[in-house]
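J.: Sequence:
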Amino acid sequence: MKKINRKGSPLSPSLPPLTRLLAPNLTPGLALGIQEAEISASITSGASRNLDTAQKRGSAILNLKCVDAQTGLMGKTLLEFQSTKTENSNALPLPPHKFGTHDVVVLRPNKADLGSPALGQGVVYRLKDSSITVAFDDVPEDGLNSPLRLEKLTNEVTYRRMKDALIQLSKGVHKGPASDLISVLFGERAPTVAKKEVTFSPFNKNLDHSQKDAISKALSSKNVFLLHGPPGTGITTTVVEIILQEVKRGSKILACAASNIAVDNIVERLARQRYFTAYIFEEFLFYQNLSSIKINRRC
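Take 3 as the starting number for the sequence shown in the numbering used here and just add one per residue.
A portion of the hints provided could be inaccurate.
Unchecked claim - Below are the DSSO-like pairs computed for lysine-lysine, each with C-alpha atoms no more than 30 angstroms apart in a straight line:
1. 87 with 67
2. 254 with 165
3. 78 with 165
4. 207 with 165
5. 78 with 67
6. 198 with 254
7. 67 with 130
8. 224 with 214
9. 197 with 219
10. 87 with 130
11. 198 with 173
12. 254 with 197
13. 173 with 214
14. 173 with 130
15. 197 with 214
16. 207 with 197
17. 113 with 67
18. 254 with 219
19. 78 with 100
20. 58 with 113
21. 165 with 214
22. 100 with 58
23. 87 with 113
24. 100 with 165
25. 165 with 224
26. 58 with 87
27. 78 with 130
28. 198 with 113
29. 173 with 224
30. 113 with 78
31. 165 with 198
32. 224 with 198
33. 224 with 254
34. 250 with 197
35. 219 with 207
36. 100 with 113
37. 130 with 100
Derived by calculation from the structure, the hints in this document are not laboratory data. Remember, it's a predicted structure, so these values are computed and weren't measured experimentally.
Produce the entire structure from the sequences given, and follow the hints as far as they go.
T.: In structure tokens:
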């Protein structure tokens, strides 16, 4: 395969084959096209056509009332909503919906015209059978005493990050800490492992043999290590120990997961270790038990 010489530096692999193949589609239309398609579908099937239909499809929740307001982390305002319909003085369960924690939503008066200005935009913080709590930056000044509705929106941040990542990958990386990793991930070079397996003194004294073995192999890996297993086998516990061991030997760690809740779960377990501080890069942590952790904000 063709190599590119960078002024005496070690030869770096050229753009990975798969990336070269996909590059024409990655810049910048792919992620934007996906986003626009989802937005279009949301608009077509959502509140802009028929609110009752939107509720049946799960993209809107109608006939809500605000029953509680609290202050959350980082100055967020948490508004709790329940159905206006009651049975024996208790709010009825919310209708079937597709809302989930972290979804971006808008709040509107229940009978507002289609496309009317929103009272506010927030993020779903908590979901229960009969209530939904949304975190807002700014508290709506008016309209909270009347029936309300919530509409689910597309989160543009996800697609913007997808687009940026794909564009960067399509350009190829020939220097920096990611250059070796990319060639390994695309199969151009085999992963490297330390000749002698790393031994360690565990922070968690309750690790079983399989967890200790996985941690040792992870610490011995130079590029990439895949840890997997069925739910309930202590994978998060193992990941937390790997993070602690890497920090102990001076590494900087970026922990990512498919959801904020998953990352918050890791943060909560790390917080049990002495001297740990949670730094907030996003707007706020979603996991409620993290409210007792010392919080610092970094912008």
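J.: Taking the hints in turn, state whether each one holds.
T.: Quick rundown of the hints versus the structure:
A distance of roughly 9 angstroms separates the Cα atoms of residue 87 and residue 67; the hinted pair therefore holds under the 30 angstroms criterion. Among the hinted pairs, residue 254 with residue 165 is consistent with the structure: their alpha-carbon atoms are about 25 angstroms apart, no more than 30 angstroms. Proposed proximity of residue 78 and residue 165 is supported: the alpha carbons are some 29 angstroms apart, at most 30 angstroms. A C-alpha spacing of about 42 angstroms is found between residue 207 and residue 165, which places the hinted pair above 30 angstroms, so the restraint is violated.
Distance hint between residue 78 and residue 67 is fulfilled; the C-alpha atoms sit about 19 angstroms from each other, no more than 30 angstroms. Among the hinted pairs, residue 198 with residue 254 is consistent with the structure: their alpha-carbon atoms are about 23 angstroms apart, no more than 30 angstroms. With a C-alpha separation of about 15 angstroms, the suggested pairing of residue 67 with residue 130 holds against the 30 angstroms cut-off. Between the alpha carbons of residue 224 and residue 214 the distance comes to roughly 18 angstroms, so the proposed pair stays at or under 30 angstroms and holds.
Between residue 197 and residue 219 the CA atoms are separated by roughly 11 angstroms; this keeps the pair inside 30 angstroms, and the hint holds. About 16 angstroms separates the Cα atoms of residue 87 and residue 130, which keeps this hinted pair within 30 angstroms; it holds. Among the hinted pairs, residue 198 with residue 173 is inconsistent with the structure: their alpha-carbon atoms are about 36 angstroms apart, more than 30 angstroms. Between residue 254 and residue 197, the direct Cα distance comes to roughly 23 angstroms. Compliance with the 30 angstroms bound is thereby established for this hinted pair.
At roughly 39 angstroms between alpha-carbon atoms, residue 173 and residue 214 are farther apart than 30 angstroms, so this suggested pair is violated. Restraint check for residue 173 and residue 130: the C-alpha separation of about 45 angstroms exceeds 30 angstroms, so the hint is violated. In summary, the hint linking residue 197 to residue 214 is supported, as the alpha carbons are separated by about 18 angstroms, within the 30 angstroms threshold. Pair hint residue 207 plus residue 197 holds up; C-alpha atoms about 26 angstroms apart against a cutoff of 30 angstroms.
For the hint pairing residue 113 with residue 67, the CA-to-CA distance comes to about 13 angstroms; that is within 30 angstroms, so the pair holds. A hinted pair counts as satisfied when its Cα atoms are at most 30 angstroms apart, and residue 254 with residue 219 qualifies at roughly 19 angstroms. The suggested pairing of residue 78 with residue 100 holds, with an alpha-carbon distance near 23 angstroms, which does not exceed 30 angstroms. Restraint check for residue 58 and residue 113: satisfied, since their Cα atoms lie roughly 17 angstroms apart, inside the 30 angstroms limit.
Simply put, residue 165 and residue 214 have alpha-carbon atoms about 38 angstroms apart, too far for the 30 angstroms limit, and the pair is violated. The suggested pairing of residue 100 with residue 58 holds, with an alpha-carbon distance near 10 angstroms, which does not exceed 30 angstroms. Of the supplied pair hints, the one linking residue 87 and residue 113 holds, its CA atoms being roughly 16 angstroms apart against a limit of 30 angstroms. For the hint pairing residue 100 with residue 165, the CA-to-CA distance comes to about 25 angstroms; that is within 30 angstroms, so the pair holds.
Only pairs whose Cα atoms come within 30 angstroms are accepted, and residue 165 paired with residue 224 is accepted, the gap being roughly 28 angstroms. Simply put, residue 58 and residue 87 have alpha-carbon atoms about 17 angstroms apart, close enough for the 30 angstroms limit, and the pair holds. About 20 angstroms separates the Cα atoms of residue 78 and residue 130, which keeps this hinted pair within 30 angstroms; it holds. About 69 angstroms separates the Cα atoms of residue 198 and residue 113, which puts this hinted pair outside 30 angstroms; it is violated.
Straight-line distance between C-alpha atoms of residue 173 and residue 224 comes to about 24 angstroms, which keeps the hinted pair within the 30 angstroms bound. Only pairs whose Cα atoms come within 30 angstroms are accepted, and residue 113 paired with residue 78 is accepted, the gap being roughly 27 angstroms. A threshold of 30 angstroms between alpha carbons decides the hint, and for residue 165 with residue 198 the separation of about 40 angstroms lies outside it, so the pair is violated. For a cut-off of 30 angstroms, the pair hint linking residue 224 to residue 198 stands: about 12 angstroms separates their Cα positions.
Between residue 224 and residue 254 the CA atoms are separated by roughly 14 angstroms; this keeps the pair inside 30 angstroms, and the hint holds. Between residue 250 and residue 197 the CA atoms are separated by roughly 21 angstroms; this keeps the pair inside 30 angstroms, and the hint holds. A distance of roughly 18 angstroms separates the Cα atoms of residue 219 and residue 207; the hinted pair therefore holds under the 30 angstroms criterion. With a C-alpha separation of about 21 angstroms, the suggested pairing of residue 100 with residue 113 holds against the 30 angstroms cut-off.
About 13 angstroms separates the Cα atoms of residue 130 and residue 100, which keeps this hinted pair within 30 angstroms; it holds.
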